[in-house]
Amino acid sequence: MKRTDPQKVGCRGNAMNYALDFTPVLDGLPDLLAGCLGTLLLALGGMAIAIVIGIGGVVLRDSRYKAIRWAVKSFVELIRNTPFLVQIYFIYFALPLAGLRLDPTPTAILALGINGGAYAIEIIRGGVQSISRGQVEAGLALGLHKGLVFRLIVLKPALRAVFPSLTSQFILLTLTTSVASAISAYELTSVAQRIESESFRSFEVFGVITLLYLGLSWLMMTFFSTISTRYFSYPVK
Amino acid sequence: MGLGEFLFLLTGLKWTVALSAIGFVCGAIGGLAIALMRTSGMRPLERLAAGYIALFQGTPLLMQLFVVYYGLALVGLRLSAWVAVSIGFTLHASAYLGEIWRGSIEAVPRGQTEAASALNLKYVSRMKDVVLPQAIRISLPATVGFLVQLIKGTSLASIVGFTELARAGNIVSNQIFQPLLVFGIVGILYFLMCWPLSLYGSHLERRFAVASR
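These protein sequences, in sequence, are chains A and B. Residue numbers for the first sequence follow the numbering used here, so the first one is 553 and each next one is one higher. Residue numbers for the second sequence follow the numbering used here, so the first one is 981 and each next one is one higher.
Just chain A, same shape as in the assembly (with noise of 0.2 Å):
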């Protein structure tokens, strides 16, 4: 005797009548776009605090002393070699015991920022590098003093030359933020997730929200984009 399986037979016919239904979405559009505010805050949170690690980073990198230096070596690699999944779980995890409560959207932020610290001090590390120490010493010989000379001769002209990379990279945490959805942090994310078990409208929303994320991205870039022009279009020669 010949048996049907009858779950196949069922998904065979739900498959075939399967009409796409954007009702859902459409009614979820005003948190959807609520929530789009809140992978901004996440993404432009994370980013600030990533430039200011980035750039103690690579202060810090160049100290005096070796101790310094290897922590934040250590601190780069151990970051850039493990997933944001893992580190965000970790991160949630550990500031309660620091006596740290904080609840998941800052915790979120925190951790991007880390994660993008890290990627931050290797890029900015790699523009510093490139100024020729000649400058820094015709800085210093024209009586600047040294935080002037590492602010504009040092500093604005390393992050004009990596600012493509740190750009991608930054375009990078924007995407990175639907991870923070995993310790439900407020982002676009968790609120597609919520309309989905609302809703089960599980393609039609991720189908969506995928668009806006591309718009997020897009929307970045030409954030970056203008930030550039605006600062960093002067002759070089």
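Because the hints were derived from the structure by calculation, they are not lab data. Please note that the accuracy of each hint is not assured.
Derived list of chain A stretches under chain B, where covered just means 3 residues or more per stretch with a C-beta under 8 Å from a C-beta of chain B [what the hints assert, rightly or not]:
no. : segment
1   : 637-647
2   : 693-700
3   : 724-738
4   : 745-758
5   : 763-773
Heads up, the beta-carbon is just placed ideally off N, CA and C, and yes, glycines get one too.
Chain B: place on chain A using the hints.
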């Protein structure tokens, strides 16, 4: 954490390695196709490849996995999580490797292609024997870098429900309530996989910088 839990993590590790390997190998085949399309000189093909790359580089990997996972089910393919996730990573890796290899193909001096054409080599031989061997050398550091990114990316398969290292860690941490210990160990396991590759990548990069000076 007992031995049993640790062995469970190692089972997860096995799946992480398998998933990365499949994603990388299948992605390499797809990526080569994308790179060749992107440099083919035929406008529609180039546009198509560029659009594919832009789509996959402009959206989160997590969304790509979700859409592939539910999209395949929608078309009526009842696939296991394992197959669906593999397809997701293959598509993702194809886009990134395609973009890396497009750059390396374009970095091979034009004179090489012209010389090969002058010798009456046809497209296949021109690519296979002249351009690609040089392009592969140029692309190696970036390719190794992407492999590290891919291994780390496989952790997202856990959110879709596939049991690999990160999800194994999640399960164990829910069992023994020591999340820091468990995720610490999981992190170390990932680090042990990725760090040697990263070192190899930067070694290649340095060697290449010396060679091209």
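Practice problem: Mind listing which of the numbered hints don't hold for this structure, in increasing order? | Solution: The structure breaks only hint 2.
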